[in-house]
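Each protein sequence line maps, in turn, to chains Y and U. Everything in the first sequence is counted per our numbering, starting at 1 for the first residue and increasing by one. Everything in the second sequence is counted per our numbering, starting at 1 for the first residue and increasing by one.
Some clues are possibly wrong.
The calculated EDC-like cross-link candidates involving lysine to aspartate or glutamate, where the alpha carbons are at most 20 Å apart (straight line), are [as the list claims (entries may be wrong)]:
1) U/LYS82 x Y/ASP45
2) U/LYS163 x Y/GLU110
3) U/LYS82 x Y/GLU110
4) U/LYS82 x Y/ASP66
5) U/LYS148 x U/GLU22
6) U/LYS163 x U/GLU149
7) U/LYS276 x U/GLU303
These are computed hints drawn from the structure, not numbers from a lab.
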Amino acid sequence: MKTALARQLCRVLILCLGALPFGAYAGMIGTDQVAATVQAQGARDQLREILSRSEVRDQLQNLGIDRNAAQARVTAMTDAEVGRIAGRIDSLPAGGFSGAAALAGLIVVELIWYYWVR
Amino acid sequence: MFAGFFIVLCLLGGCVSLPQTEALARAGGGGLPQRAELVAVPFFAQEDYQCGPAALAMALNAAGVAVAPGSLTDEVYVPARKGSLQVEMLAGARRHGLLAYELAPELKDVLAEVAAGNAVIVLQNLGLFASRPYWHYAVIIGYDLQTKEIFLHSGATARRAMKFGLFEFLWLDGGRWSMVALAPGRLPASAHEERMATAAAALERTGHAAEAHLAYTALLQRWPDSLVGWMGLGNTAYALGQSAEAEAAFRKATTAHPLAAAAFNNLAQVLAEQGKPEAALEAARHAVNLGGASLPAAQATLEQLLGQRH
């Protein structure tokens, strides 16, 4: 820790984490928190991921999903997964390419493959 | 249009490198069975843009969860994106009580899963260019090392055969992403400890305590010292009302990991509930002394136990 301010910030972050309900049961430390610690995730990363949940829920709603469904979908994601998609749902790969067009495209790629690349 | 194709051909001729296909050929299969085919994976033809729900439904049904693609649309389809996100495919499998495991980006791992009887969902770019991707999910249901082919349920085609090289080419742009959805007591054939621990904890997080308990049991059979494994086993046993088993699991965690404050904390809680206050206090004090990230929770536990003593 370089400065007293940085140390103070870390203390505040750790207290914030401690105050949040990690375990599903009062007093018990949840397995996902243990996993995060084992995998050396920083306290700051963990806090950011927690704050991102409602952000991701809102983003899903903006993309055409009703609120309850969006909430259920976010709840099923891990903190790391929420962190991966927060702010990026518009640009991340979204598999869904339609059947007929996919088939035509694939035939073209396959022809290129067999006659020119191999 | 045709000129464009010729440009692409030249680019492809120069730039395409398929290291994993080549490595597989050189290794002569590297211990994998020569061929494997999963005839029990049902085929669901996708509706427009719904390859996510279709692929997920195929994997879920193969793992014993009977669900139609239509009922998965609300779980994994994003209307404005006309498709499904990778993390939602994982979360979708989890919501149905299955272990959703993201594979390492290795062709040999994909084939190892298929050889072990596990269907694999893959993300492909079916477009010609990485800069203009057309993302698509397909399900791998078989392979043949001799003909160098992989078999996929994809789009409107069941059991489409494709050369490994072409498969790798289409798979590259998505980071060679794939996943399996397994019945919870099963370990992925290509499982790595940390990914498996993450996957089991993710399943526990969705509230499937019994299924997660099976996943942790499988994890511990392979990696008997896993801290996440023992903590998970204890926490899921606790959630299922199995106090004695929870205590045993947390004790194992403290033995294998004497510096894990979280293990002592949770042990303290369970001991207190079983009417062993002195042992509980000892464990709680130990958790506090170990400090670390668990300190606030451990202090709260100790205070609670001291309060109960009076």
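Hints versus structure:
Between the alpha carbons of U/LYS82 and Y/ASP45 the distance comes to roughly 30 Å, so the proposed pair goes past 20 Å and is violated. Of the pairs offered as hints, the one joining U/LYS163 and Y/GLU110 holds, with about 10 Å between alpha carbons and a cut-off of 20 Å not exceeded. With a C-alpha separation of about 25 Å, the suggested pairing of U/LYS82 with Y/GLU110 is violated against the 20 Å cut-off. The hinted pair formed by U/LYS82 and Y/ASP66 meets the criterion: a straight-line CA distance of about 16 Å does not exceed 20 Å.
Simply put, U/LYS148 and U/GLU22 have alpha-carbon atoms about 11 Å apart, close enough for the 20 Å limit, and the pair holds. Pair hint U/LYS163 plus U/GLU149 holds up; C-alpha atoms about 4 Å apart against a cutoff of 20 Å. Simply put, U/LYS276 and U/GLU303 have alpha-carbon atoms about 16 Å apart, close enough for the 20 Å limit, and the pair holds.
Figure legend: structure checked against the earlier numbered hints; hints not met, in rising order: 1, 3.
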